[in-house]
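*Asks:* Spelled out from the first residue to the last, the chains are:
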Amino acid sequence: MNQLWVAIIAIIVAPIIGGFLAGIDRKITARLQGRWGPPIVQPFYDFFKLLGKSRIATSRMQFVWIYGYLVFMIASLVFLVLKLDILLLVFLLGFAGISFVLGGFSSKSPYSHFGANRELLQILSYEPVLLLMALGIYAQNGSFMISEILKPSSEPLLASLWPIFIALLVILTIKLRKSPFDIATSHHAHQELVKGIMTEYSGPYYALIQLTEWYEIVLLLGIIALFWANPLWIGILIALAAFILELFIDNIAARMTAGWMVRFSWAIGLVLCILNIAYLYLMKGV
Amino acid sequence: MGIIHTSRIKSPWIIHFDNSSCNGCDIEALACLTPLYDVERFGIVNMGNPKHADVLVITGPVNYRTARVLKNLYAQIPDPKMVIAVGTCACSGGVFHNCYNILGGVDKVVPVDVYVPGCAARPEAIIDGVVLALQKLAQAQGVAK
Chain A
1 MNQLWVAIIA IIVAPIIGGF LAGIDRKITA RLQGRWGPPI VQPFYDFFKL LGKSRIATSR
61 MQFVWIYGYL VFMIASLVFL VLKLDILLLV FLLGFAGISF VLGGFSSKSP YSHFGANREL
121 LQILSYEPVL LLMALGIYAQ NGSFMISEIL KPSSEPLLAS LWPIFIALLV ILTIKLRKSP
181 FDIATSHHAH QELVKGIMTE YSGPYYALIQ LTEWYEIVLL LGIIALFWAN PLWIGILIAL
241 AAFILELFID NIAARMTAGW MVRFSWAIGL VLCILNIAYL YLMKGV
Chain B
1 MGIIHTSRIK SPWIIHFDNS SCNGCDIEAL ACLTPLYDVE RFGIVNMGNP KHADVLVITG
61 PVNYRTARVL KNLYAQIPDP KMVIAVGTCA CSGGVFHNCY NILGGVDKVV PVDVYVPGCA
121 ARPEAIIDGV VLALQKLAQA QGVAK
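If you're matching them up, the sequences are chains A and B in order.
Under our numbering, the residue at position 169 of the first sequence is numbered 169, and the numbers go up by one with no gaps.
Under our numbering, the residue at position 86 of the second sequence is numbered 86, and the numbers go up by one with no gaps.
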């Protein structure tokens, strides 16, 4: 019963935190560009406005998939707060991404298809690294359980898994769709692909995508916080610092191509992860 | 004043369409987004996608080729929506009004809510026009949908 309440509170509180983080994102981005920027609650205004718009359907299936995207994202967040299996969390997160891609493919718009193809490339870039992160945690702790990481006696994962942590920062940029990796939806390149995979979603359904993105921010920052799990507040500070770092990278980097993204994330992320896990297995004989 | 109604006024997303303008008004419309005027303070964002937009900002007189594009764009914007004609040409056809290929002002094709005259319309005038459109939206509660 206690776990049920934890899950319910997480489901309610996470989008509020995520929305404020999105607002801080827009404010800091504006300040870095020499602008004043919108109020921090602006993402909530956008969300409620979108809820009040009329529904325009281009295909019925895309709405099924967008609900799938939301539900699987919430499911992986519940796995995090209930301290369950991190490997299953990664699989659920992967299926959330796939739902989004299928939603993009289910309408006939070429821009939506463009975006969906690129989203697939993004999944190709981040999924192996996330899986290897779970493996690395297993190699260190001997268990996939998040409760094992949060045990008071365990030492911070960051000490032994810092290469995987660096790989995870690259993945965070890809998952948050920030420059140089904002190739599937593009906040700024309207001329190139309109809004990419989100082109065909309008009104309340676009609001659902924003809601899912807020859950995603909280989930990813939560995973990063696990790297310094006790005391947890240091981990949360590290996660917030990583978030601010992403904003700086977003503002100083140009958009790169999809092929470059895959090469970069595999060359940096995969190599760091494999070296880290190989070191753990060979030196420590786990 | 429900929360959705308040949010509508706080978050107008704009799509900008150039009919056959001389680009004078387009540059002024884009100048609103620069650090000098920074309309994102009011939640105004320039969207490239009509399906995400609330306010259609149109520059230039309508000619026979852009008329159907304009109708299409207007139809793709989900309700409630606002249309702002920016510049003398968009309001009435301007100096092009009696050209053989020009239909006239934007209101010959789509219903216009706010006219912003000027050649070219200044960014302050455009921002003023958006604010007027929002006031109109605020009064039209329950009607627009």
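In case anyone wonders, no lab produced these hints; they're calculated from the structure.
The structure presented is a predicted model; accordingly, all values stated were derived computationally and were not measured.
Hints are supplied without guarantee of correctness; some may be wrong.
Stated by the list, open to error - Listed next, the in silico DSSO-like pairs over lysine-lysine satisfying Cα-Cα at most 27 angstroms (straight line):
#: 1; chain 1: B; residue 1: K136; chain 2: B; residue 2: K108
#: 2; chain 1: B; residue 1: K71; chain 2: B; residue 2: K136
#: 3; chain 1: B; residue 1: K136; chain 2: B; residue 2: K10
#: 4; chain 1: B; residue 1: K71; chain 2: A; residue 2: K108
#: 5; chain 1: A; residue 1: K83; chain 2: A; residue 2: K27
#: 6; chain 1: B; residue 1: K10; chain 2: A; residue 2: K27
Said to hold, decoys possible - Derived list of chain B stretches under chain A, where covered just means 3 residues or more per stretch with a C-beta under 8 angstroms from a C-beta of chain A:
#: 7; region: 84-94
#: 8; region: 107-121
#: 9; region: 127-134
Yeah, the Cβ is synthetic: ideal placement off N, Cα and C, and Gly gets one too.
*Asks:* Within a Cα-Cα threshold of 27 angstroms, do K10 of chain B and K27 of chain A meet the stated pairing?
*Replies:* holds (16 angstroms)
*Asks:* Is K136 of chain B within 27 angstroms of K108 of chain B, Cα to Cα?
*Replies:* It holds: about 21 angstroms lies between the C-alpha atoms, which stays within 27 angstroms.
*Asks:* What's the verdict on K136 of chain B and K10 of chain B, does the C-alpha distance respect the 27 angstroms limit or exceed it?
*Replies:* holds (13 angstroms)
*Asks:* Test coverage of the region 84-94 of chain B by chain A using CB-CB distances below 8 angstroms; three residues minimum.
*Replies:* violated (count 0)
*Asks:* Closer than 8 angstroms, Cβ to Cβ, for at least three residues: run that test on the region 127-134 of chain B against chain A and report holds or violated.
*Replies:* As far as the region 127-134 of chain B goes, the hint is violated, because 0 residues have Cβ atoms under 8 angstroms from chain A.
*Asks:* Taken at face value, is the distance from the CA of K108 of chain A to the CA of K71 of chain B at most 27 angstroms?
*Replies:* Cα-Cα ~21 angstroms, so holds.
*Asks:* Taking a Cβ-to-Cβ distance below 8 angstroms as contact, does the region 107-121 of chain B have at least three residues touching chain A?
*Replies:* violated (count 0)
*Asks:* Has the given pair, K71 of chain B with K136 of chain B, been kept, meaning a C-alpha gap of at most 27 angstroms?
*Replies:* holds (22 angstroms)
*Asks:* Is the Cα-Cα distance between K83 of chain A and K27 of chain A 27 angstroms or less?
*Replies:* violated (33 angstroms)
In this structure, the hints that do not hold are numbers 5, 7, 8 and 9, in rising order.
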